[in-house]
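Peer 1: Guided by the hints, dock chain B with the ligands onto chain A, whose structure is given.
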Amino acid sequence: MIKIENLQKNFGQNEVLSGITTEINKGEVVAIVGPSGSGKSTLLRCMNQLEELTSGTIWIDDQQLNDSKTNVMELRQKIGMVFQHFHLFPHKTVLENLIYAPMKVKGEGKEEAESKAHQLLDQVGLSMKADEYPKRLSGGQKQRVAIARALAMEPEYMLFDEPTSALDPEMVKEVLDVMKLLGTTGMTMVIVTHEMAFAREAADRVLFLDEGKLVEENSPSEFFNEPKTERAKAFLDKVL
Amino acid sequence: MNLDFTQFVPNIPYILQGILVTLKFVSVSAIVGFVLGTILALFKIGRVKILSWIADAYTSVFRGTPLILQLLLFYHATPQLTGYDISAFEAGVLSFGLNSAAYISEIIRAGIRAVDTGQNEAAAALGIPYRPMMKDIILPQAMKNILPALMNEFITLTKESAIVSVIGVFDIMRRSQIVAAEKFKYFEPLLIAGVIYYLLVMILTLAGKMVERRMSRSD
Ligand SMILES: Nc1ncnc2c1ncn2[C@@H]1O[C@H](COP(=O)(O)OP(=O)(O)O)[C@@H](O)[C@H]1O
Ligand SMILES: [Mg+2]
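Chains as they are written, first to last, in UniProt numbering: chain A, 1 to 240; chain B, 1 to 219.
Just so you know, the hints here were simulated from the structure itself, not pulled from any lab data. Computed from a predicted model, the values in this text were never measured in an experiment. Be careful, since some hints might not be right.
What the hints assert, rightly or not - Simulated crosslink set (DMTMM-like; lysine to aspartate or glutamate; CA at most 20 Å straight-line):
#1 K129(A) / E111(A)
#2 K92(A) / D136(B)
#3 K78(A) / E121(B)
#4 K3(A) / E201(A)
#5 K180(A) / E201(A)
#6 K106(A) / E74(A)
#7 K92(A) / E132(A)
#8 K183(B) / D56(B)
#9 K129(A) / D177(A)
#10 K135(A) / D136(B)
#11 K104(A) / E121(B)
#12 K135(A) / D168(A)
#13 K78(A) / D61(A)
#14 K92(A) / E121(B)
#15 K78(A) / E108(A)
#16 K3(A) / E52(A)
#17 K106(A) / D136(B)
#18 K104(A) / D4(B)
#19 K26(A) / E154(A)
#20 K135(A) / D116(B)
#21 K26(A) / D204(A)
#22 K135(B) / E96(A)
#23 K106(A) / E212(B)
#24 K104(A) / E156(A)
#25 K92(A) / E212(B)
#26 K26(A) / E201(A)
#27 K110(A) / D136(B)
#28 K92(A) / D116(B)
#29 K26(A) / D62(A)
#30 K135(A) / E212(B)
#31 K106(A) / E156(A)
As the list claims (entries may be wrong) - Using C-beta positions, here's what the derived DEER-type ranges look like:
#32 K135(A) / Y130(B): 21 to 31 Å
#33 K209(B) / N6(A): 58 to 68 Å
#34 Y130(B) / E5(A): 22 to 32 Å
#35 A114(B) / G12(A): 22 to 32 Å
Said to hold, decoys possible - Facing chain A, from chain B, some residues (calculated, C-beta under 10 Å):
#36 D116
#37 G127
#38 Y130
#39 D136
#40 K144
The C-beta atom is built at its ideal place from N, Cα and C for all residues, glycine as well.
Chain B on its own, in the form it takes in the complex:
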């Protein structure tokens, strides 16, 4: 064994800068995923058959194919089909956002389904229309079921985001690979990347626990 971390010390700031890239990538993807996922979930539980069919088909396709395939498709097919020269970051956000929207829509759907149907009936009996019922009565209760699962989805997103390194986003993963290639030594930089990812995930996990605790205190 000839492990030598000292020779990588000068490279650590370079790798650490990847944290910002990764965080930016993950948060933009998460927002895209959450907004689109919410819309899809509303389609799924709504009464318009064609919309719920579309949302189900969407979910099925995005969950039924590899994420890396979706990523490469968006990256390479967009210029080919539309002529738009999509950046690696944009392609990454697009594929991760659309992909996680499929998962998030299922999370939200399940969370809404878990709310007692008596709540719908009570609202209906009071003459409360669908939209305010959803917004003020059902969704606030569904959030209790949704938030923990959503937190898990964001953790998954953070870890999986390493895949975007293959199309050249300069995230934690790619930076550590570049350093590795420069020095022809792979173990140490990858280990450094691993530690960073692990810490990020732990922080997210803790934040999730805190949110959960706060929510359970309110009821």
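Extracted from the complex, chain A is given alone in its bound form:
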């Protein structure tokens, strides 16, 4: 469970998130939507402390993330992250991208890490690309490798920050399909996305952020059909 309590985040004088309180339960798929600049990425990045909170608390299961006694590096092993721009390691092959962290961080043996990596590549439909360098992959393939790389650490949570926004339209589906499949396996997922159809179909819950506030929390069917708040209505009128 990810439990966020009264989270506030400032960048200098700029208050980017305020009073965010919510819980993400084990096995849930949660979509975060909202206008650009509303703080979606920042909220997501607070969940693995790529950004430090200004105030408030975040618990990952029974561990408080923003506590000086918590080993953040260790906690991050439980939380995979997928970025808009992939951030694969360009000097490593696909396979090396997948086995590096499990071997270095979790101390897995090479054989174990490789066999798991091959399995994951199979799962994302890229087993034939194991020995390619990222440069030779399409955007959609890169993002699927990035998902596999995060999964190789066997995380309990997966964070996605607009995983399809940097892709050509024809590649969006292959990535979303992988994510949908992952959702059905019971992975806990938090997904910042502009793909409303995907959010509607794959998410258990939608969080709507506007100007740094959690304006609405709702089931997808209610959020998209009869949103509770005016701001959500106005947002949906623009994007749907």
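Peer 2: Just chain B with the ligands now, with coordinates in the frame of chain A:
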């Protein structure tokens, strides 16, 4: 014009032996500069304020004063201050090594800075600690930016090394001056030295180009 190279032919082997001296001097200085420069660069990008301040101050001083002054200081001040009778070669290596460390640390810092911050974030998100992240993720990528600039620094070092002749290192430069003084003729031996330096620099330049080409092929 009364140029006469033939009378210098017997002296050419003597001058050529200076190549070894120069190369030895340059490579030892380069190693000192590279090792110290790497450490300084890590201080600069690190999170320990006092270390990055020290590294910045170091760089500022060594870049802000003439190299020949640093050379003479090390050569003359070391015996005076410590009682250690420093040889010309040691003083040369010390001043050139410390001096180029300042430049090399900037080269490495810039090369690391140029690596996409997304790489740091991806590594952090995977729980990869700072040291292995630096060693296995960031530095290999930074090398692409660093190597060409480093090659330039070594070329500069090779040319500037002629300055150590003033404290009596028997390098190419000093040997040609000695020959010149013997015969009271300056132009020919200096020209010979010039040709040797130029060829050395050209060889280094070519080697640098080859390294660059190999690196760009790998990506
Ligand atoms: N590193 C940063 N430094 C300063 N301001 C930032 C930084 N990251 C984001 N912001 C600001 O925080 C606000 C929210 O950004 P972000 O979380 O990226 O929004 P979203 O992902 O919803 O588009 C924006 O106004 C943005 O300019
Ligand atoms: Mg964003």
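Peer 1: Each hint should be assessed against the structure and marked as holding or not.
Peer 2: Checked hints:
1. A hinted pair counts as satisfied when its Cα atoms are at most 20 Å apart, and K129(A) with E111(A) qualifies at roughly 18 Å.
2. In summary, the hint linking K92(A) to D136(B) is supported, as the alpha carbons are separated by about 10 Å, within the 20 Å threshold.
3. Of the supplied pair hints, the one linking K78(A) and E121(B) holds, its CA atoms being roughly 16 Å apart against a limit of 20 Å.
4. For the proposed pair K3(A) and E201(A), the alpha carbon gap of about 24 Å is over 20 Å, so the pair is violated.
5. About 9 Å separates the Cα atoms of K180(A) and E201(A), which keeps this hinted pair within 20 Å; it holds.
6. Taking the CA atoms of K106(A) and E74(A), the gap is about 9 Å. The hint holds against a cut of 20 Å.
7. Of the pairs offered as hints, the one joining K92(A) and E132(A) holds, with about 9 Å between alpha carbons and a cut-off of 20 Å not exceeded.
8. Using a Cα cut-off of 20 Å, the hinted pair K183(B) and D56(B) is violated, with the two alpha carbons roughly 48 Å apart.
9. Between K129(A) and D177(A), the direct Cα distance comes to roughly 19 Å. Compliance with the 20 Å bound is thereby established for this hinted pair.
10. In summary, the hint linking K135(A) to D136(B) is supported, as the alpha carbons are separated by about 18 Å, within the 20 Å threshold.
11. Taking the CA atoms of K104(A) and E121(B), the gap is near 16 Å; set against the 20 Å cutoff, the hint holds.
12. Distance hint between K135(A) and D168(A) is fulfilled; the C-alpha atoms sit about 16 Å from each other, no more than 20 Å.
13. Note on K78(A) and D61(A): the hinted pairing holds, with a Cα-Cα distance of about 10 Å set against a maximum of 20 Å.
14. Taking the CA atoms of K92(A) and E121(B), the gap is near 17 Å; set against the 20 Å cutoff, the hint holds.
15. Straight-line distance between C-alpha atoms of K78(A) and E108(A) comes to about 15 Å, which keeps the hinted pair within the 20 Å bound.
16. Taken as a hint, the K3(A) and E52(A) pair is honoured in the structure, with Cα atoms around 16 Å apart against an allowance of 20 Å.
17. A distance of roughly 16 Å separates the Cα atoms of K106(A) and D136(B); the hinted pair therefore holds under the 20 Å criterion.
18. Distance check on the hinted pair: K104(A) and D4(B) sit about 67 Å apart at the alpha-carbon level, beyond 20 Å; violated.
19. Between K26(A) and E154(A), the direct Cα distance comes to roughly 15 Å. Compliance with the 20 Å bound is thereby established for this hinted pair.
20. Proximity of K135(A) to D116(B) is assessed by CA-CA distance (about 15 Å); at most 20 Å being required, the pair is judged to hold.
21. The hinted pair formed by K26(A) and D204(A) meets the criterion: a straight-line CA distance of about 12 Å does not exceed 20 Å.
22. Between the alpha carbons of K135(B) and E96(A) the distance comes to roughly 15 Å, so the proposed pair stays at or under 20 Å and holds.
23. Distance hint between K106(A) and E212(B) is unfulfilled; the C-alpha atoms sit about 35 Å from each other, more than 20 Å.
24. At roughly 19 Å between alpha-carbon atoms, K104(A) and E156(A) fall within 20 Å of each other, so this suggested pair holds.
25. The straight-line distance between the Cα atoms of K92(A) and E212(B) is roughly 19 Å, inside the 20 Å bound, and the hint therefore holds.
26. About 19 Å separates the Cα atoms of K26(A) and E201(A), which keeps this hinted pair within 20 Å; it holds.
27. Of the pairs offered as hints, the one joining K110(A) and D136(B) holds, with about 16 Å between alpha carbons and a cut-off of 20 Å not exceeded.
28. The hinted pair formed by K92(A) and D116(B) meets the criterion: a straight-line CA distance of about 15 Å does not exceed 20 Å.
29. Taking the CA atoms of K26(A) and D62(A), the gap is about 13 Å. The hint holds against a cut of 20 Å.
30. Note on K135(A) and E212(B): the hinted pairing holds, with a Cα-Cα distance of about 19 Å set against a maximum of 20 Å.
31. Restraint check: the Cα-Cα separation between K106(A) and E156(A) comes to about 15 Å, which is no more than 20 Å; the hinted pair holds.
32. Checked against the hint of 21 to 31 Å, the C-beta distance between K135(A) and Y130(B) comes to roughly 26 Å, which is consistent with it.
33. Our hint of 58 to 68 Å for K209(B) and N6(A) holds, since their Cβ atoms are close to 59 Å apart.
34. Hint check: Y130(B) to E5(A), Cβ distance near 29 Å, so the stated range 22 to 32 Å holds.
35. Look at A114(B) against G12(A): about 25 Å separates their beta carbons, and that is inside 22 to 32 Å.
36. Annotation: interface hint on D116(B) holds; nearest CB of chain A at approximately 7 Å, less than 10 Å.
37. Among the interface hints, the one on G127(B) holds; its C-beta lies about 4 Å from the nearest C-beta in chain A, closer than the 10 Å criterion.
38. Interface restraint check: Y130(B) against chain A, minimum CB-CB distance 9 Å, threshold 10 Å, status holds.
39. For D136(B), the shortest C-beta to C-beta distance to chain A is roughly 7 Å, which falls under 10 Å, so the interface hint holds.
40. Against a cut-off of 10 Å between C-beta atoms, the interface hint on K144(B) holds, since the closest Cβ of chain A lies about 9 Å away.
Going down the numbered hints, you'll see the structure goes against 4, 8, 18 and 23, while the others check out.
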